[in-house]
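Trainee: Quick mapping for you: the protein sequence lines, in order, are chains A and B.
Reminder that position 125 of the first sequence reads as 125 in the UniProt record's numbering, one-by-one numbering, no gaps.
Reminder that position 444 of the second sequence reads as 444 in the UniProt record's numbering, one-by-one numbering, no gaps.
These aren't lab readings, by the way, just hints derived from the structure by calculation.
Be a bit skeptical, because a hint or two may be false.
Chain copies aren't distinguished; within one or between two, either way the pair holds.
Computed cross-link-like contacts, BS3-like style, restricted to lysine-lysine with a CA-CA straight-line distance of at most 30 Å [as the list claims (entries may be wrong)]: (1) Lys443 with Lys313; (2) Lys125 with Lys654; (3) Lys197 with Lys313; (4) Lys48 with Lys59; (5) Lys197 with Lys309; (6) Lys440 with Lys309; (7) Lys309 with Lys191; (8) Lys125 with Lys270; (9) Lys59 with Lys630; (10) Lys42 with Lys9; (11) Lys125 with Lys59; (12) Lys270 with Lys669.
Since we're looking at a predicted model, the values are computed, not measured.
There are 2 protein chains.
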Amino acid sequence: MASGSGDRKIPIDPVITPFSIFLWGGRDKFDRRRDIHDALAKNPIFSKTAVVLPSIARKDAWTRAALQARELIRLKLEHGWSHTAFREAIRLTDNMLPVQPQFRIFMSNLDRQMSDEQKALWIPKAERFEIFGSYAQTELGHGSNVRDLETTATFDREHDEFIINSPTLSSTKYWIGTTGVWATHSIVVAKLLIDRKNYGNHLFLTQIRDLDTQRLMPGVEIYELGPKAFQGMLGTDNGAMQFHNVRIPRSQMLARNAQVLSDGTYVEPKNQKHSYGSMVTVRAIMAEITGWDLLKAVAVCYHYTSFRKQFRKDRSRETETTVIDYASVKQRLIPLLAKGTALVLVGQNVTRGYDAYTINNLKTGDFSQLEDFHLQTVGAKVYSTEITSHGVETCRIACGGHGYHALSGFGRMYANAVNAVTYEGDNYVIGQQVPRAIMKHFKNRTEGSLPSLSYLARIRDGSESSSPSIQPEGDWLKPEVQQWALEKRLAHMVSAHIEDTADGRDTSYTCHALTMAHSDFVYWKGFRELLQTLEQERPAYLEQVTSLFHVFALSILHNPHHPSLAQALPLPFAQQRSLRAAHDAAVENLAANHLAGIIEAYGFTEYEMDSALARADKTPYEALFEEGAKRSEMSGNSMSHLWPMMVNTRQMWKRIEGARCQEGNMQAKL
Amino acid sequence: MASGSGDRKIPIDPVITPFSIFLWGGRDKFDRRRDIHDALAKNPIFSKTAVVLPSIARKDAWTRAALQARELIRLKLEHGWSHTAFREAIRLTDNMLPVQPQFRIFMSNLDRQMSDEQKALWIPKAERFEIFGSYAQTELGHGSNVRDLETTATFDREHDEFIINSPTLSSTKYWIGTTGVWATHSIVVAKLLIDRKNYGNHLFLTQIRDLDTQRLMPGVEIYELGPKAFQGMLGTDNGAMQFHNVRIPRSQMLARNAQVLSDGTYVEPKNQKHSYGSMVTVRAIMAEITGWDLLKAVAVCYHYTSFRKQFRKDRSRETETTVIDYASVKQRLIPLLAKGTALVLVGQNVTRGYDAYTINNLKTGDFSQLEDFHLQTVGAKVYSTEITSHGVETCRIACGGHGYHALSGFGRMYANAVNAVTYEGDNYVIGQQVPRAIMKHFKNRTEGSLPSLSYLARIRDGSESSSPSIQPEGDWLKPEVQQWALEKRLAHMVSAHIEDTADGRDTSYTCHALTMAHSDFVYWKGFRELLQTLEQERPAYLEQVTSLFHVFALSILHNPHHPSLAQALPLPFAQQRSLRAAHDAAVENLAANHLAGIIEAYGFTEYEMDSALARADKTPYEALFEEGAKRSEMSGNSMSHLWPMMVNTRQMWKRIEGARCQEGNMQAKL
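Next comes chain A alone, as it looks inside the complex (with noise of 0.2 Å):
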């Protein structure tokens, strides 16, 4: 039995070399890494393997949560984190933690949607953690429908107050994050009524806890919501919340935007635009982050599938074949690495284009770009979601039985991963308004006004339309013959997609496959953009980039994420034969000669993956049977109290028989 993990190198700390400062996004994101890694990974409250989270009681792990929540509050206050190294900081712990919300969707929304008199007050209270927020959108009876939503803040001139109201079931308040026990403080979103004229949703902020006793306030009903589907999102307290004649003063409504004077005159928001904010910027940080869900699934499934041997490719070997080694496990996972990275690479990009649009916007009010970003964070988000979970979920697979144990972890990731498919918007509701826009320019041929739109004018124009002769293999690295085989299938699918729409189809299911492929696209062309840049800096990792893209853009033609996109570009079957052979080259390429670096760049830290899988001292089989088996709480005497109740049942038959006996020795004598 080997006693280390041989030539699987799992690092304890991040190790730092150029490719791995490229692939992390630059410096000041590594060095964060590094010191929250630091932070965290040394710290008990934040251990990952002193507690079994998938075996205890949910409260109790809730509970572990609510602690490194408070312990993460102080790390922040004394060491002066800034709002991102905090969100990291909780994504690194992995199970959420109920203080989530406070930095993402309750501070930006304050920071947006308030005045800048309000933002004075209640910024502070944010950051020091005097208040603890949540954001109360989502109803029982409405998730994406926001215009649907029914509960009603009414403004009550007398007392210059709003009053909040759930006037039935369907409009409680319902998945509510850092809700069930943690808030004090939440943004309500609400219909605005005043004087019986309802003026739409607007957001209030709404006490809902005593700051000093934690108890509810008067009229706020709330419960905490229960488990979650697969154990997921174990450190958070989801809350479902009534308001039964909630007052708050006419202060607490967001007042950038819209306005409610003292008289009760409402002051019309100057732009319409301004709610996208909160969505694209929360979007926006999934679009990212996903991909480091993937990423850390691969380089899991990576260290396992390079340890495992099974059987023999080969008869006359004397030992069996390592499982990498075969293409059943290559074609799963390289192309997911490929596809993680270009998640990550092209999401920094759509982040960091929004945090400088942002900015500026803030000063000069000027919203004209919102709706592309608006647009790039929906096809972002739902094309991230649905690649990560699916991937996630092939790498556990891939793993075979062992997979299925809760600590190879990778049962948490995809628990935690697959909730972002459905939530902040179902991507089958919010993907469809990526054909819309396409729709809209199309027709318009206003596509140039959107930079991620800017394909259509070359499906206007018909260059797309000549095949070019493709030689076998070496062609379909092109990058031009890889932009026409992508435009062929989206024009064909853009075409479909318009004839459907005038013949008056419901064409909420095609739109999905469609949002897929534009994102394809939008991902192919940034991926692209990024190594040309590379291709003039000529660092030392252009072989390893590049090995990559050639994956990445082979892997979205070959093997799309859905059977109507190999329909849409119905190659000969020359093409698709040397489509394949490049593919299949590619795949083996990167295998062969870059594979082992790329995941060492990446450089996942043992408590990063969090797996019996990886671990920097154990082979697998050692961390699956030490920790696995010999840890579980239900071995040794652990269960004895229930060791009679066994010997008992097996004894039963006896019992029963002799009853039957007994009973046939009473007929007998009757």
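Got chain A; can you put chain B on it based on the hints?
Mentor: Chain B in isolation, oriented as in the chain A frame:
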């Protein structure tokens, strides 16, 4: 707020109609279902609402399962339930029970692999639960590759015993169901060694726990395995087991086939195929029951999506649209209803055929059909587990955010269904047996001997190659057109596979899609034959079954399980369009005319579905609020012991700022 569930009729007890008897596989099966349902749904020990399993510690959830196992044993012994009824009752509990292997893999091995003398001794013990059985094959280091298992059973002539040993860490028996706490006897797969000669794997009935105390037997080292991914299989105590010179009498080697005489003479088995047997049995059972898992998920999704309203299809409408009326829901859900039906109906045929064969084979010793059943059940296992696991998760996602609540039940369903993708043989590994058989019989022109490969002859004589001129929509409903398309697709994939094999390529990845395409055809053919029988009998439900068949056939063509299946059937756009139109029309027709009737005929009860989204007396919103939130173990004052910690955390900034000021003052003074 609606106080009831309107026209969503969710039964408390199984409802009987001719259609439901047909779907459930005949009167006997239906009656058994009803009896078991009665026994469990009305017995508080089996209540599914008394305890929220995903909230409690795993140990407590298992304890509950152990007590249920005891009660089920009592029911079986007292009421003389059949083994099948017992097995089905375990399934109805949903989370598996420790006693689960008793009448599946344990008994089926005693039955098939023991000599008559051995059976006379052991089967009564197993039947009356005097011993608790398990089956120990998988090791830490080997799953599908049974040949390389490392556990040894060395014959000791002097004592007429075998000595069982685990020579390495990787030889630890791992994942062994029911072995962590419960089992007293295990059928151990080990290499037989006689005078240092290795005779390969044989089965050894080994006592692992004392019958009177439940303590481990000398030399047996067992640990329970720890939690599983997604909180799956809560009722199973899997074990990790090592043997250190464990002695068993020679009479406990299972000796129906091979035998060891007291002088150490090895008597060869008459038939080499005998070892297939137990896997074939288990997989045959799996093929049918996974279909039921899918159908239950479909039913829950149906009940929820026909209650939930969101947005308006037509903006002028007053009320919102029921979400099942959107193509995005319909096109995901209805093909799954058809696929689930195909899995069950065709799966029942496989089990029936195999059962008949087994009875006959035990008498005659004729193994000639075993290869075909092996092939059928491998294909069915891969096909049914892939479609079911993917389908259950699709149902959850189609329910949007509320599907992520643990009480929706989808999480539990997925956790338990997806397990089957990697157990009893990893799908990517065992799936390779199908293409291997195709190749062998295609080369040898022996497909005539295997009914499930009959299509190879048509491929060989080229009769599939002439393309029919397909008329819009209607023609795709013709079975001969469907068969043409399925065979054309298969022909292309088989040819590619032949070419790849000839080129020495590693086909372990592409095999999987070929297995799915092969199974598409096998299930299509099976469903079609069944429909032909019905067409002669003309029952009242013929139209419904026909509608299900159309959706099944067109969905496997239009929306295949893997993109490469779409590539292998590159239809001209006109044919693609007509296929899609036919598919959509079939889905619409089923949705509009038969959906409610089919769901009613399946008639899953509230107890069977076990979902807050499908309660007989509550709407999903009422159930999510009352059962999910109001009953949450973290609601109310249950976390009040943590309130002072939270209050204190919100005041932390004062202390830290205070300390900083003091420090500043100190420095100023210095």
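Trainee: Against each hint, give a clear statement of whether it holds in the structure.
Mentor: Right, here's what the structure says about each hint:
1. Lys443 with Lys313: Answer is between: at 22 Å across copies they meet the 30 Å cutoff, but 56 Å inside does not.
2. Lys125 with Lys654: between (71 Å within a copy, 11 Å between copies)
3. Lys197 with Lys313: This pair counts as between: shortest inter-copy Cα distance 26 Å, intra-copy 74 Å.
4. Lys48 with Lys59: Both. Shortest intra-copy (17 Å) and inter-copy (20 Å) distances satisfy the 30 Å Cα cut-off.
5. Lys197 with Lys309: between (70 Å within a copy, 25 Å between copies)
6. Lys440 with Lys309: between (54 Å within a copy, 27 Å between copies)
7. Lys309 with Lys191: Classified as between; 19 Å across copies, 61 Å inside a copy.
8. Lys125 with Lys270: within (28 Å within a copy, 82 Å between copies)
9. Lys59 with Lys630: both (25 Å within a copy, 15 Å between copies)
10. Lys42 with Lys9: within (20 Å within a copy, 56 Å between copies)
11. Lys125 with Lys59: within (28 Å within a copy, 42 Å between copies)
12. Lys270 with Lys669: Classified as neither: same-chain Cα gap 98 Å, cross-chain 53 Å, threshold 30 Å.
Against the hints set out earlier in the document, a violation occurs for number 12 only.
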